[in-house]
Amino acid sequence: MRSGMNPYRPIGAEVVDVIAETPTIKTLRLRPDEKINFRPGQFIQLTVPGVGEAPFTPSSPSTWKDCMEVTVMRVGKVTEKVHQLKPGDIVGLRGPYGRGYPLEAFVGKDLIVVGGGCGFAPIRTLMYVLLDQRSRFGKLIFRGGCKSPADLLYGKEMDAWAARRDLDLLITVDQGDAGWRGPVGLVTGILDGIDIDCENGVGILCGPPVMMKFSTRKLLQLGLREENLYLSMEKNMSCGIGKCGHCRLGTYYCCKDGPVFNYTQIKNFPDIWG
Amino acid sequence: MRYISHEDFGRLLHDLERDYQVYVPCRKNIHRYYRPYAGLTDDVVIGEVRAFEPLKAFFFRARQKVAEGFSPDVVHGEDRPVCIVGAKACDLKAFAILDHVFRGHDYADPYYARAREANLIISADCTYAIDTCFCLALNVDPYPREAFDINLSPLDDGFLVETGSQKGTAIVAGRAALFADAGEQRTRDRNETRRHVIHAVQKNIEQNRIPHQDALEGAVARNYEAEIWADEAQTCVECGACNTICPTCHCFLLYDQKGKAHIERFRIWDACLLKDFARVAGGANPRPKLWMRLRNRFEKKFDFFPKVAGMYACTGCGRCISACPAKIDIRRILKRLVNHA
Ligand SMILES: Cc1cc2nc3c(=O)[nH]c(=O)nc-3n(C[C@H](O)[C@H](O)[C@H](O)COP(=O)(O)OP(=O)(O)OC[C@H]3O[C@@H](n4cnc5c(N)ncnc54)[C@H](O)[C@@H]3O)c2cc1C
Ligand code: SF4
Ligand code: SF4
Ligand code: FES
Numbered sequence: 001m002r003s004g005m006n007p008y009r010p011i012g013a014e015v016v017d018v019i020a021e022t023p024t025i026k027t028l029r030l031r032p033d034e035k036i037n038f039r040p041g042q043f044i045q046l047t048v049p050g051v052g053e054a055p056f057t058p059s060s061p062s063t064w065k066d067c068m069e070v071t072v073m074r075v076g077k078v079t080e081k082v083h084q085l086k087p088g089d090i091v092g093l094r095g096p097y098g099r100g101y102p103l104e105a106f107v108g109k110d111l112i113v114v115g116g117g118c119g120f121a122p123i124r125t126l127m128y129v130l131l132d133q134r135s136r137f138g139k140l141i142f143r144g145g146c147k148s149p150a151d152l153l154y155g156k157e158m159d160a161w162a163a164r165r166d167l168d169l170l171i172t173v174d175q176g177d178a179g180w181r182g183p184v185g186l187v188t189g190i191l192d193g194i195d196i197d198c199e200n201g202v203g204i205l206c207g208p209p210v211m212m213k214f215s216t217r218k219l220l221q222l223g224l225r226e227e228n229l230y231l232s233m234e235k236n237m238s239c240g241i242g243k244c245g246h247c248r249l250g251t252y253y254c255c256k257d258g259p260v261f262n263y264t265q266i267k268n269f270p271d272i273w274g
Numbered sequence: 275m276r277y278i279s280h281e282d283f284g285r286l287l288h289d290l291e292r293d294y295q296v297y298v299p300c301r302k303n304i305h306r307y308y309r310p311y312a313g314l315t316d317d318v319v320i321g322e323v324r325a326f327e328p329l330k331a332f333f334f335r336a337r338q339k340v341a342e343g344f345s346p347d348v349v350h351g352e353d354r355p356v357c358i359v360g361a362k363a364c365d366l367k368a369f370a371i372l373d374h375v376f377r378g379h380d381y382a383d384p385y386y387a388r389a390r391e392a393n394l395i396i397s398a399d400c401t402y403a404i405d406t407c408f409c410l411a412l413n414v415d416p417y418p419r420e421a422f423d424i425n426l427s428p429l430d431d432g433f434l435v436e437t438g439s440q441k442g443t444a445i446v447a448g449r450a451a452l453f454a455d456a457g458e459q460r461t462r463d464r465n466e467t468r469r470h471v472i473h474a475v476q477k478n479i480e481q482n483r484i485p486h487q488d489a490l491e492g493a494v495a496r497n498y499e500a501e502i503w504a505d506e507a508q509t510c511v512e513c514g515a516c517n518t519i520c521p522t523c524h525c526f527l528l529y530d531q532k533g534k535a536h537i538e539r540f541r542i543w544d545a546c547l548l549k550d551f552a553r554v555a556g557g558a559n560p561r562p563k564l565w566m567r568l569r570n571r572f573e574k575k576f577d578f579f580p581k582v583a584g585m586y587a588c589t590g591c592g593r594c595i596s597a598c599p600a601k602i603d604i605r606r607i608l609k610r611l612v613n614h615a
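Chains as they are written, first to last, in the working numbering: chain A, 1 to 274; chain B, 275 to 615.
Chain B with its partners taken away, still in its complex shape (with noise of 0.2 Å):
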């Protein structure tokens, strides 16, 4: 196990401002948003716990030109590749269900595809679990497992360094200097860092009684004609925040305008619970209700991706629960449709 110091650790972000745009989590208020580097200040906050905006933002950009004329080139900008810093363990977990739509299939998104690529994800541990957070009930642990570069576990005087491909493999050995042994005692410190989440997360569970996901097999399905969902949606704004805020959320529309010289194609983030979505010709509205709309939503997320990915679509990041207006809050939900008969 590796360790780097507060130091060297700027010195490392310096170095790796080269060949990445390099974003880090600062905190403002309650909330942690990803802002380009610009030196270790103060409101930079490494461990903590989920930014306020998902990662998939990185990589499935909310508004990213597809196609310019009829070029077949795909519209690639010059940009140097992303290096995102802090990213949690909950958002990496979001990975396997964006790879899963966009790198799957017949056809790869070469947007998505090509930042997944080029992309460098530097995460951390979370230090601390907020009320909203119930990743242990979708199988997610509060430090990252898999999917990253390199992790980071913050310590006291520094971060215990983990490194999870080639590409971080290769960024801890070229830069050696900047590494040191980690020793038994930091690594004591992080498992008991680790620990400490884990029971604060666990105490959000059972404190909200929210059900783990092996209780959730078929429950919408079950639910399907259940009262709950227009009780539930009664506060909706139809704001769309639950979807776009959400890290696994991928729908999308592809929309067109004139660009200066040719027509241009955006492919822009979509979300379930707006009424046109699923619209077709003529008016004809499959879910013409708010109700369904939002019975949708659980669907795709808890009976579609489990049965054709194997996976739940939720990370218990619980960003739907803040961002919604409307005080819909999915734990609530789940906790329904597993108790409801």
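Just chain A, same shape as in the assembly (with noise of 0.2 Å):
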């Protein structure tokens, strides 16, 4: 049979660079065989060979010819392996799945983007995105959280990120440290001051579910509406394509309706942050 009829074979992938974000997580440079065009929410499936496979979402601009990044959390038996990668090493990947960003809904509007932990990954795909095309978009606020400020991914883009006039951005810390100037305690806690018009504000979410949870009902409170947020759910997943059951959300699935949701979809399904 043709090459791309068989949806569970990966393509190879050349490990080309590691680089250590934190004790925990590493990104993952990639040379895939064959070119995979990605838009910003999408995943992959990475295969570590003889191990297994486990999703990601890519975290580099999603123009990129050659290559794109994973960043990897080390959490279980796929991505202990992930972190023992050295360059030259091969991988597999299938992909890209899902349904990523709808950008063209947020054209005009003011955004808020809510990131904690590894979710910051997809949110650095986007992000490049809406900094390229920034002119089509109102205000623009991220707002991060993550554990220490040792814990904080791309320190290089978030210095820069950081002298960019036209983005108003915010990292908290659970626990600072003695060099920590910024805010101390929730990413909810920084949402409050924010200034964006709630009418048609959008608000993009991602990180662990507990986040995920207040960060929706605080941006509610603050007023915005419902069908303009959007969250990037995580589930269980095995097939990526639909098929294997693993990653069921209420009536969807997430790796092909989702990951990315707007919240009208998914609140009334019982125990959505599960």
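What the hints contain is simulated information worked out from the structure, not anything from laboratory work. Using N, Cα and C, we set each Cβ at its ideal position, and we do this for glycine too. Some hints here could point you the wrong way.
When the alpha-carbon atoms are kept at most 27 Å apart in a straight line, the in silico DSSO-like pairs for lysine-lysine are as follows [claimed, not checked]: (1) K534(B) with K86(A); (2) K581(B) with K267(A); (3) K86(A) with K156(A); (4) K563(B) with K213(A).
Covered stretches of chain A (chain B as the covering partner; in silico rule of three or more C-beta atoms under 8 Å from a C-beta of chain B) [stated by the list, open to error]: (5) 6 to 14; (6) 49 to 56; (7) 70 to 83; (8) 234 to 245; (9) 266 to 274.
Join the two chains into one complex using the hints; note that each chain is given alone, in its own frame.
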């Protein structure tokens, strides 16, 4: 059968660089054998040969030609092996899968992007696109939260973004250290003062379930509309193509109908933050 | 309507063995299992009721190699396709669900798709019902109406033969000498048996007061927080048999292992009753309790599938009832769901 007809086979990709972001998070730069065109918010399945597969969201700009980056937190079997990879190693890739962010729906609107933990990964890709096309959107606000200054991802980008005048960026940490001059506390705490057009403003959330739950609640309290909130939902996944049944979320499969959902699509399902 | 004698039917299967691996249901104690055809021996039972194992096993294998290394090839073996004899209406109904899953959406599963195209289904009417049969409650008649190539209605002296696809029609037309005109009496006999079996299933449904599917609309959602789930799950031992034995359960896991020369990826049956089914990174589990997973099974079958595919993912085959070591009975749960205010 022809190439591309087997949705379960990965294509090869060479690891060209490994960047240690934090003690538990690494970014891998990969060069796939065939180009993978993804949109911000879509994900790929990464195979460590002989070990297994796990879903990750590319964190590099979607405009890159030959390479893509994934940012991986070490939490278990596959990710442990991902962290042992070195330049020159070969991994497998399938995808891209799912729906990304509906960028056209953001045009002309104020945007508040809220990220937590490893949720920074998909958001980095999105931020690159938003900043690339900065004039198409209204205000751009970024609010991030992580455990400690040492856990902060993408230090270089963060510094560069913090210096931009057309981006209002603020990061909070659960626990500060001697050098930390930013806010301390949960990300919901730094959502309070945001200056955004509530009628049309769009909220984009990605992070651990509790963070999304309370940030969603907060943005709604601030007056943003339900239909203007977009959430990246994380579920256990295996196939990535709507067949294996693992990632069901109400009447959707997170892999093919998400992972980015409009809040109104999912708000009535029971236990969405589970 | 065509007719074939037992002897000629043996010839037909023998002939089909050239192109197919032929499987027939064989009786062993109280159950029927599919076995490779080796003549029409006494234990071969074309009629009776559904086999122990679900028909899906021939189309969506319990363990199927789906990828080798980074090769783009679809890993098809050289095996001849399968001809399954004696498949029952409830299992054929399950194709509606399996087709929706494996042939639908943006990607088709090439293994399932090929099996559906290449395999031959010679189904058969049920000739009686066992006490776990409740197909009629799910609008499935105990005799095939669709999704077969050839259907057999067992008679004393052979089978009444109906064709349901071009493939089936071609097989019958190409072997005209094996078939004869059925005649009116045989058709009457067949209808009589069918009425008989319908009556038996109706009796099951009445005796167990099993709700008809029309009463199931919204029943799971209404009872989402009810104590029914925890109550029913008390005896569950988390074996997953209810999932694997079910003709419509389609969930699987991609599992990699190191092959001789390269990695091999297998698609293996999974079961949503098992604890890790929905577990995510770091051990967080959206369904940590057994009763939540039992509820999930019913939600998927009686809430999700009607909403996304317009059909219930249950055929009333009763397999999960006989397979459950904990005596958890879908008929009782459905009754509780409908009766609970
Ligand atoms: C759409 C999507 C995008 C993601 N993007 C990123 C990202 O950019 N960076 C990042 O660090 N993490 C991301 N994750 C989470 C990442 O996939 C998990 O951390 C990873 O699957 C854990 O695998 P493991 O074998 O190391 O963990 P273990 O806990 O050892 O997992 C064992 C098994 O549990 C199951 N499992 C556990 N967690 C998950 C999970 N979250 N998803 C699917 N199956 C799971 C799998 O079957 C796995 O084989 C994403 C998850 C999803 C669903
Ligand atoms: S849920 Fe039980 S009765 Fe219904 S199709 Fe599956 S095994 Fe048969
Ligand atoms: S077959 Fe019975 S015991 Fe086994 S997982 Fe299903 S409900 Fe539980
Ligand atoms: S990951 Fe298999 S259905 Fe979504």
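Verdict on chain B covering the region 234 to 245 of chain A, where coverage means 3 or more residues with a C-beta closer than 8 Å
Coverage by chain B holds for the region 234 to 245 of chain A (10 residues, Cβ < 8 Å).
Within 27 Å, alpha carbon to alpha carbon, are K563(B) and K213(A)?
Holds, at roughly 22 Å.
Taking beta carbons only, do three or more residues of the region 266 to 274 of chain A come closer than 8 Å to chain B?
Satisfied; 3 residues make the cut.
Residue count check for the region 6 to 14 of chain A against chain B: does it reach three with CB-CB under 8 Å?
holds (count 7)
Coverage claim, chain B over the region 70 to 83 of chain A, checked by counting residues with Cβ within 8 Å (three needed)
holds (count 4)
Take a quick look at whether K581(B) and K267(A) sit within 27 Å of each other, Cα to Cα.
Roughly 17 Å separates the two Cα atoms, so the pair holds.
Does the alpha-carbon distance linking K86(A) and K156(A) stay inside the 27 Å limit?
With Cα atoms ~22 Å apart, K86(A) and K156(A) stay inside 27 Å; holds.
CA of K534(B) to CA of K86(A), is that 27 Å or under?
Roughly 23 Å separates the two Cα atoms, so the pair holds.
Do three or more residues of the region 49 to 56 of chain A come closer than 8 Å to chain B, measuring C-beta to C-beta?
Contact hint for the region 49 to 56 of chain A vs chain B: holds, 5 residues under 8 Å.
No hint from the list above goes unmet by this structure.
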